[in-house]
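**Student:** One-letter residues, chain by chain:
Protein chains: 2
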Amino acid sequence: MKKINLSTRQKDIIELVKANQPITSEQLASKIGVTRAALRPDLAILTMTGILEARPKVGYICSQKSSSSLIYDYIRKIKVKDVMTKPVTIDEQTTVYNAIVNLFLNDVGTIFIENNGYLVGAVSRKDFLKTAIGGTDINKVPVGIIMTRMPNIVFVEPEDSAYEAAKKIIEREVDSLPVIERISEGNGDKVKVIGKLSKTNITRLFLKLSENT
Amino acid sequence: MKKINLSTRQKDIIELVKANQPITSEQLASKIGVTRAALRPDLAILTMTGILEARPKVGYICSQKSSSSLIYDYIRKIKVKDVMTKPVTIDEQTTVYNAIVNLFLNDVGTIFIENNGYLVGAVSRKDFLKTAIGGTDINKVPVGIIMTRMPNIVFVEPEDSAYEAAKKIIEREVDSLPVIERISEGNGDKVKVIGKLSKTNITRLFLKLSENT
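Chain order of the listed sequences is D and P. Take the first sequence: its letters are residues 1 to 213, numbered as in the working numbering. Take the second sequence: its letters are residues 1 to 213, numbered as in the working numbering.
I should point out that these hints are in silico values taken from the structure, not numbers from a laboratory. It is possible that some hints are incorrect.
No copy is singled out in the list; a pair is fine if it fits within one copy or between any two copies.
To be verified - Below, a list of computed lysine-lysine pairs in the BS3-like style, where the Cα atoms sit at most 25 Å apart:
| no. | residue 1 | residue 2 |
| --- | --- | --- |
| 1 | K11 | K77 |
| 2 | K11 | K31 |
| 3 | K130 | K18 |
| 4 | K192 | K208 |
| 5 | K190 | K168 |
| 6 | K79 | K192 |
| 7 | K130 | K11 |
| 8 | K57 | K190 |
| 9 | K190 | K208 |
| 10 | K140 | K31 |
| 11 | K31 | K190 |
| 12 | K31 | K57 |
| 13 | K190 | K130 |
Looking at chain D on its own, in the form it has when it is part of the complex (with noise of 0.2 Å):
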């Protein structure tokens, strides 16, 4: 990933091939005044780079490629761990008042519904703001009523990429997604809950990206 600064030649070349379009390193150099020799870095540069294209026999052209497919690459290869926090869990016991006080306690948007240890389901703020307004007694009905259950929540593991799960969490519309692991048992898969990837955890990614680090 390198910051390239093109030089005035070479920003008079891709002018020239603009407008030229096939054209050879002999018609470049007579236009510019130059010999072949001269141009020859200049013409390694904008090849390298993908700026211009050359066509054996025919002449130099301007790429068609995409202009970003650097940071499309190099975006690809963050993984879910490398930006994934601590998830909060509660037991699905939990009345829906503790789980709302749990909520604001540690000031985040969902929280992930454990039995035994194993991820049973999750509740997000918008989930107990419906609740709240629709007459359920919050004192007494347990979160594991009103959560959304396995196997209807969407998980992302931890060496799926941060685009995955960006993915998901747009495109299913949820705030927050579960990073899990599978525990192997007799009656099949269980998950634990290991980490969570949130909108926040995305929006702080694309601030560190968008830092000179």
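Chain D is already provided as a structure; the job is to place chain P on it using the hints.
**Tutor:** Frame of chain D, contents of chain P only:
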């Protein structure tokens, strides 16, 4: 923003510089077994891209520059107006209950509050949840009573960068920022809400950056 595929010789040069820096082009040429002239295009590419630095009368050294400056430059150019979406606004006389209904109907996380069409406050899902469990009569109390009031609202303007918006979201711990337009009047500036920029918008932007568009 261009992808650079280094040649084997260029990679060899980088390794030689790493091991022997500072090293002159004569020394590099003799180690590789070619002429200085033959190395010129490769050295031009490696210095242009910022991988190597040429120090006059000293030789080539590996650059200390950040490897992510390209991404940084690209991202910083994205503006609030490029990623903002439509805001949901209601009058400050609306009851808290009706404001919550509005929140659900529009499926947003924050509602902006107006008086005579000017921005006077904001209420988030978190604020509503706090009110709903706090014993307030949400059918009677107007939303203006529970809102965060100007000038305590963080906002951005259309020409600000998406980076600045993400920074404000993280630093001020809010989910969504109003995008405002200043209206000059006799008794000082008033502001109108013309958009919103939330963690969802930033997550969508991150997704777009990750996709090869």
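**Student:** Confirm or reject each hint.
**Tutor:** Hints, verified against the model:
1. K11 / K77: between (32 Å within a copy, 21 Å between copies)
2. K11 / K31: Within one copy, since 14 Å is at most 25 Å while 34 Å is not.
3. K130 / K18: neither (58 Å within a copy, 61 Å between copies)
4. K192 / K208: neither (29 Å within a copy, 31 Å between copies)
5. K190 / K168: within (21 Å within a copy, 39 Å between copies)
6. K79 / K192: Within one copy, since 19 Å is at most 25 Å while 40 Å is not.
7. K130 / K11: neither (59 Å within a copy, 59 Å between copies)
8. K57 / K190: For K57 and K190, the Cα distance exceeds 25 Å both inside one copy (61 Å) and across copies (65 Å).
9. K190 / K208: Answer is neither; intra-copy 34 Å and inter-copy 33 Å both fail.
10. K140 / K31: So K140 and K31 fail the 25 Å test inside a copy (84 Å) and across (79 Å) alike.
11. K31 / K190: Neither, since 69 Å and 58 Å both go past 25 Å.
12. K31 / K57: within (19 Å within a copy, 34 Å between copies)
13. K190 / K130: Answer is neither; intra-copy 29 Å and inter-copy 34 Å both fail.
In summary, the numbered hints that this structure violates are 3, 4, 7, 8, 9, 10, 11 and 13.
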